[in-house]
Every structure is written in C-alpha cells, then in structure tokens.
Amino acid sequence: MQQALRRALGELMQQYADLTGKLPPNLGDADNAMRDALQALGAGHDSDAAAGEQKAIEALQKGGRSMSMQMAQQFGRGQGDEQGDDQGDDEGQDGSGDQAGNQDGDGYGGQQYGNDRGRGTRPWDVPHGRAERRADDRRDPLGRPLREGTSGSDESGDVQVPEKMEEARTRAIQEELRRRDADRTRPQPELEYLERLLKQF
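If you read the sequence shown in my numbering, its first letter stands for residue 527, the second for the next number, and so on.
Hints in this document: simulated from the structure, not taken from any laboratory.
For clarity, every value in this text was computed on a predicted model and none was experimentally measured.
In this text, a Cβ means the ideal position worked out from N, Cα and C, and glycines have one as well.
Please note: incorrect hints may appear among the correct ones.
Claimed, not checked - Below are the EDC-like pairs computed for lysine to aspartate or glutamate, each with C-alpha atoms no more than 16 Å apart in a straight line:
#1 581 with 562
#2 725 with 702
#3 588 with 555
#4 725 with 707
#5 588 with 693
#6 725 with 701
#7 588 with 692
#8 588 with 557
#9 725 with 584
#10 581 with 557
#11 581 with 555
#12 588 with 689
Unchecked claim - Across the chosen pairs, the derived CB separations fall in these ranges:
#13 715 with 599: 40 to 48 Å
#14 540 with 693: 14 to 22 Å
#15 540 with 565: 17 to 25 Å
#16 704 with 558: 21 to 29 Å
#17 591 with 558: 14 to 22 Å
#18 543 with 572: 32 to 40 Å
#19 544 with 573: 35 to 43 Å
Starting from the given sequences, assemble the full structure and let the hints guide the process.
What follows is the structure, given as structure tokens:
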C-alpha cells in the first residue's frame, strides 16, 4: 500500500513539474516520510511507522496548498500579460485616431471633433465591439471573467480552479482507499493501516 502511494505521489510530482517547472518541497518531504514509514513498518516498529504516516499526511496537505498558490499565481500572471498586450494594441489604435483627428479637425466644429476623434467621442469613430470587448476582458487574479457590476468572479468560466483539481485528486485517493478497505481478504495489518489512512480524510 505504501509503495502504491509513493508511486502515485511520484507521478503527481512529475506532472506538476512538467506544468509549472517547479516542485513544492513539501511533496518531497512527503515522499521521504512515506519511505521512512515503509521501512519502519517492515521492521515491525509500528509506532515509528505511524509517526511517519502522520508526517507524510501533513507534508501532503502543505504541498497541496503550495501547489494551489503557485498555480493560481501562474494563471493570474498569464492573464495579466495577455490583457497588457491587448491594452497596448488598443492604445496604439487610439494614438492613430488622435493623429487623424488633429489633421481632419478643420471647418465647422473641427476643433471639437478633430481633437476628440481619437478618444472615440463620436459613435462612428469607435471600432465595433471594442467597448464590449474591454468589459468582457476583465478578469480576477485566477483568470476568471468578472460579472458586470460585481467584484466577484463568474463561476461558470472555463478556467479550472486549482482548488478543484486538488479536491478531485483527494477524492480519487479516498475512493481507492475505500475500495481496498472493502476487500476483507486482505491481510489484517494492511486493513488496519487502510482504516488509519481513511480517518485522516
């Protein structure tokens, strides 16, 4: 059982490193604690094995929180860079409008319309859909679109929240532990160990 958990943890660490280029140190601590618990269990030192198991669980919890924070920062930074590029493009287009407005601002009302043309005060000077696009591009730090008139996020967005990914992994581990615990043909020490793990959830 310990070996299966260590293999699953190793795969999780590799997948996370591939996504972010980083590895939370707590996951490494969890792997070491699992290894120590496995060695203690093999030597018949139940108290040392239980202590190692508890240490591994705490390290996994800390590693999960660290992963969530790093992924949230990565998603937020990526959305911020994208919005910055879009804003720069819009400002460049507005600058062209100012120049054209100053050149064309002659004749009746030329002072008013010529100076304001680049700022989009006349309906025909505003590119179609720009105002709607700017309103729709507003995002929260996790990259989720914001609803009009609220400071909260749109939960129906297509950005997967890191906390949901962590919850899904936790549920998968719980289901696997319960499946094995339901197999009463397993050795009694293994069943007792599975029950101790399930109590941590």
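Quick rundown of the hints versus the structure:
Restraint check for residue 581 and residue 562: satisfied, since their Cα atoms lie roughly 10 Å apart, inside the 16 Å limit. Restraint check for residue 725 and residue 702: satisfied, since their Cα atoms lie roughly 14 Å apart, inside the 16 Å limit. At most 16 Å may separate the alpha-carbon atoms for a hinted pair to count; residue 588 and residue 555 meet this at roughly 10 Å. A C-alpha spacing of about 12 Å is found between residue 725 and residue 707, which places the hinted pair at or below 16 Å, so the restraint holds.
A threshold of 16 Å between alpha carbons decides the hint, and for residue 588 with residue 693 the separation of about 14 Å falls inside it, so the pair holds. At most 16 Å may separate the alpha-carbon atoms for a hinted pair to count; residue 725 and residue 701 meet this at roughly 13 Å. The suggested pairing of residue 588 with residue 692 holds, with an alpha-carbon distance near 12 Å, which does not exceed 16 Å. Under the criterion of a C-alpha separation no larger than 16 Å, the hint pairing residue 588 with residue 557 is consistent with the structure, at around 13 Å.
Between residue 725 and residue 584, the direct Cα distance comes to roughly 14 Å. Compliance with the 16 Å bound is thereby established for this hinted pair. A hinted pair counts as satisfied when its Cα atoms are at most 16 Å apart, and residue 581 with residue 557 qualifies at roughly 10 Å. Only pairs whose Cα atoms come within 16 Å are accepted, and residue 581 paired with residue 555 is accepted, the gap being roughly 9 Å. Only pairs whose Cα atoms come within 16 Å are accepted, and residue 588 paired with residue 689 is accepted, the gap being roughly 13 Å.
Between residue 715 and residue 599 the beta carbon distance is about 43 Å. The supplied range of 40 to 48 Å therefore holds. Separation of residue 540 from residue 693 is about 21 Å and conforms to the stated range, judged on CB atoms against 14 to 22 Å. Restraint check, residue 540 to residue 565: a C-beta distance of roughly 23 Å satisfies the suggested window 17 to 25 Å. Against the hinted window of 21 to 29 Å, the Cβ-Cβ separation of residue 704 and residue 558 comes to about 26 Å, which satisfies the hint.
Distance hint check: the CB atoms of residue 591 and residue 558 are about 19 Å apart, consistent with the given range 14 to 22 Å. Between residue 543 and residue 572 the CB atoms are about 34 Å apart, so this pair conforms to the stated range of 32 to 40 Å. Separated by about 38 Å at the C-beta atoms, residue 544 and residue 573 satisfy the suggested range of 35 to 43 Å.
Checked against the numbered hints listed earlier, the structure breaks none of them; every hint is satisfied.
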